[in-house]
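**Student:** Residue numbers (this note's numbering): 1 to 136.
Hints are not guaranteed to be accurate.
As the list claims (entries may be wrong) - EDC-like, lysine to aspartate or glutamate: derived pairs with alpha carbons at most 20 Å apart:
no.: 1; residue 1: K45; residue 2: E101
no.: 2; residue 1: K45; residue 2: E20
no.: 3; residue 1: K45; residue 2: E102
no.: 4; residue 1: K45; residue 2: E86
no.: 5; residue 1: K45; residue 2: E35
Claimed, not checked - Label-pair distances were calculated between CB atoms; the ranges are:
no.: 6; residue 1: R70; residue 2: E102; range: 30 to 38 Å
no.: 7; residue 1: A104; residue 2: Q74; range: 30 to 38 Å
no.: 8; residue 1: L103; residue 2: G73; range: 39 to 47 Å
no.: 9; residue 1: A11; residue 2: E101; range: 26 to 34 Å
no.: 10; residue 1: A104; residue 2: A11; range: 28 to 36 Å
no.: 11; residue 1: S19; residue 2: V47; range: 39 to 47 Å
no.: 12; residue 1: L2; residue 2: Q39; range: 16 to 24 Å
no.: 13; residue 1: E102; residue 2: E35; range: 16 to 24 Å
No lab work stands behind these hints: they were computed from the structure. The beta-carbon is built from N, C-alpha and C at its ideal position, and this holds for glycine as well.
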Amino acid sequence: MLVQRPYLLTAFYNWIVDSECTPHIIVDATQSGVEVPEQFVEDGKIVLNIAPRSVMQFSMDDDAVAFNARFSGQPMQVYVPLYAIEGIYARENGAGTMFPEELAYKALEETTAPIKAEVTQMPSPNTNRAGLKLVK
């Protein structure tokens with residue numbers, strides 16, 4: 001059978017956002033391929049706010065969650081393979097789920113390195129932005 005996590009993660013994410021709540025994911029930052037701000041990792045775990053208003057260039061597919069965000073004012077690319085996501089919940093009421101360990105992810109992690117999705121770099125705050133130009 002196929003792994004459940006991509007389907008459940010997408011369903012819970014959509015349900016939480018549609019309910020006008022703030023989705024957070026619990027990540028095992030010790031897993032290979034995880035790129036998160038290390039200064040916010042506690043006991044090997046990090047909780048990330050993945051609300052549409054909090055992240056840019058958000059991507060969630062069958063392999064990973066990737067986005068750009070600011071941490072303490074510094075832009076950062078975040079990449080989390082799905083096998084490193086332990087759960088998802090709504091900040092406002094705690095509704096969500098924890099994901100069971102899936103043997104398919106264990107086998108995948110042991111045999112291959114995760115493929116990293118490309119996330120576009122965030123512009124620095126001092127970068128001039130494109131604008132309209134009058135052409136005669």
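**Student:** For a C-alpha distance cap of 20 Å, please report whether K45 and E35 respect it.
**Tutor:** Roughly 12 Å separates the two Cα atoms, so the pair holds.
**Student:** Using the Cβ atoms, figure out if L2 sits within 16 to 24 Å of Q39.
**Tutor:** violated, 36 Å
**Student:** Would you say the C-beta atoms of A104 and A11 sit inside 28 to 36 Å of each other?
**Tutor:** violated, 18 Å
**Student:** Given the range 30 to 38 Å, decide if the beta-carbon distance of A104 to Q74 lies inside it.
**Tutor:** holds, 35 Å
**Student:** Holds or violated: are the alpha carbons of K45 and E20 at most 20 Å from each other?
**Tutor:** Violated, at roughly 26 Å.
**Student:** Is the distance from the Cβ of L103 to the Cβ of G73 consistent with 39 to 47 Å?
**Tutor:** At roughly 41 Å between Cβ atoms, G73 and L103 fall inside 39 to 47 Å, so the hint holds.
**Student:** What's the verdict on K45 and E86, does the C-alpha distance respect the 20 Å limit or exceed it?
**Tutor:** Within the cut-off at roughly 9 Å; holds.
**Student:** Has the given pair, K45 with E102, been kept, meaning a C-alpha gap of at most 20 Å?
**Tutor:** holds, 19 Å
**Student:** With respect to the beta-carbon atoms only, verify the hint that E102 and E35 lie 16 to 24 Å apart.
**Tutor:** holds, 22 Å
**Student:** So does R70 sit 30 to 38 Å from E102, Cβ to Cβ?
**Tutor:** Roughly 32 Å apart at Cβ, these two residues keep to the hinted range, so it holds.
**Student:** State, for the Cβ atoms of S19 and V47, whether the hinted interval 39 to 47 Å holds or is violated.
**Tutor:** violated, 19 Å
**Student:** Measure nothing beyond the straight line between the CA atoms of K45 and E101; if it is 20 Å or shorter, mark the hint as holding.
**Tutor:** holds, 16 Å
In the structure shown, a violation is registered for the earlier hints numbered 2, 9, 10, 11, 12, in ascending order.
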